[in-house]
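Residues 2 to 441 (the working numbering) are what the sequence shown spells out, left to right.
One thing to keep in mind: the hints can contain errors.
[Stated by the list, open to error] Restraint-style ranges between C-beta atoms, simulated for each label pair:
(1) Glu192 to Arg381: 23 to 29 Å
(2) Ala147 to Phe33: 17 to 23 Å
(3) Val166 to Val352: 55 to 61 Å
(4) Leu177 to Ala19: 17 to 23 Å
(5) Thr425 to Thr313: 20 to 26 Å
(6) Pro359 to Ser185: 27 to 33 Å
(7) Pro76 to Phe33: 32 to 38 Å
(8) Asn188 to Arg381: 53 to 59 Å
(9) Ser361 to Glu202: 23 to 29 Å
It is worth saying that the hints were derived from the structure and are not from the lab. Virtual Cβ for every residue (Gly too), placed ideally from N, Cα, C.
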Amino acid sequence: MSGFSLRGNRELPWAAVAGAIVLLLAGLFAAFYEEALYQSQRAQGGLEQAQVLAASVPAALSFGDRKAAEEYVRPMQVNPEIAAAGLYHRDGDLLTGFSRAHSDPLPPRLNGAKHLADDGAIVVPVVQSGTPLGWVYLGLSAEPRANRISRYAVVALLAFMAVFVIMGLGNAQTQLKRQSQRLSEANLRLENEIAERERIEEALRQSQKMEALGQLSGGIAHDLNNHLMIIKGNLHLLKKKIGLPGEDRHVQGADEGIRRAAALTQRVLSFSRKQALSPVEVDLNELIGDMGDLIRNSLRENISIERHLQSTQRVQVDRNQMENIVLNIVVNARDALPGAGKVTIATRDAVLDESGAPGSFVVLEITDTGIGMAPEVLARAFDPFFTTKPVGQGTGLGLSTAYGFVTQSGGHMRIKSSPGAGATITIFLPALPGDEVGCG
């Protein structure tokens, strides 16, 4: 076989090796069995011929008729398997016989009766009416070595061919298994790459959608805020012109409406990343610690809170906006808990090597044990004005405002949630280089 070597097939399956050994042993057994059967049949044929001759020569032996005896013995020369044949008197003396050239000569005397001699000679008694008259001796010729070798060679060739065929099949199976494993690994890598590409494309689509919504809502909020300022200014001028008292409830109601509308536009501007920020160095552990009472008071008594503050680095963000974001997410977590539950706030450091967002980050995670979000709700969680709360209980700008603020601060957000499994909101903010703080 081309390129075949035992060294290159060390990993042949044990079944193939065992099968090759079994076939080889079976071939050897068949060879030995065939040889034994051949020799047995050959000896049996010689014995039968000796018995026929013994039944034909009683008269010649009785009278010592050498010529008559030769007429019975001479036809034995026709059989090439008989190397020698002889008739012996009862006392063991040779009466007549022959031996071929290059074969052992006839023994001059027979030393006792024997049926099949150890040397392959056959001796059969000649008996008439129960009286022994003499002996028939046949010497079988040795089988030509070439015939024996050729017979063994055929069996051995078949056995070795079977061995090499099985080993070759085993080698092919091993190579096929390796190739299949390589294909499986390549397919797994391809699936992972496709999944990663789909994730990146989905993130890009989400980012583009949020960017488009931000531009649209930011433009509207900016214009609306300008109009509100005009309304507020004219309202105060009108109040002075007509001499209304400062405590007039109608004027106060209008001022309050303008203030709320202005606050709403500021949140929209925050989502659209058009709000002016005042970033400073902030230790999130310290910020969350300072907000302890505020966070506790924003939760119900049957909601416990845990803090795991392990970050060692600072970030640069607008502190007031960051506090608003944390408080808003905690309130959302409270609303997701219909009864008792737990809210966990954790910080840690992380180094990401993801496509599009590599670097060193401070991670803020806020987790609740609430009802969780359905997939269709999770897909729209960052959309502005999207809310699952009843009318009048939410504006739908909480997470969208947080998203805009975090993005404007150079970070990114993720939400992990499923129905009945609560929700985890993760905020990644760029860590300031070469700056470490103590863990809280």
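Cross-check of the supplied hints:
Taking the beta carbon of each, Glu192 and Arg381 are about 28 Å apart, inside 23 to 29 Å as hinted. Checked against the hint of 17 to 23 Å, the C-beta distance between Ala147 and Phe33 comes to roughly 19 Å, which is consistent with it. The hint said 55 to 61 Å for the Cβ distance between Val166 and Val352, and at roughly 57 Å that hint holds. Against the hinted window of 17 to 23 Å, the Cβ-Cβ separation of Leu177 and Ala19 comes to about 19 Å, which satisfies the hint.
At roughly 21 Å, the beta carbons of Thr425 and Thr313 sit within the given window of 20 to 26 Å. About 30 Å separates the C-beta atoms of Pro359 and Ser185, a value consistent with the hinted range of 27 to 33 Å. In this structure the supplied range 32 to 38 Å holds for Pro76 paired with Phe33, their Cβ-Cβ distance being about 35 Å. The beta-carbon spacing between Asn188 and Arg381, approximately 34 Å, falls outside the hinted interval of 53 to 59 Å.
Checking the proposed 23 to 29 Å range against Ser361 and Glu202 shows it holds: the Cβ atoms sit about 26 Å from each other.
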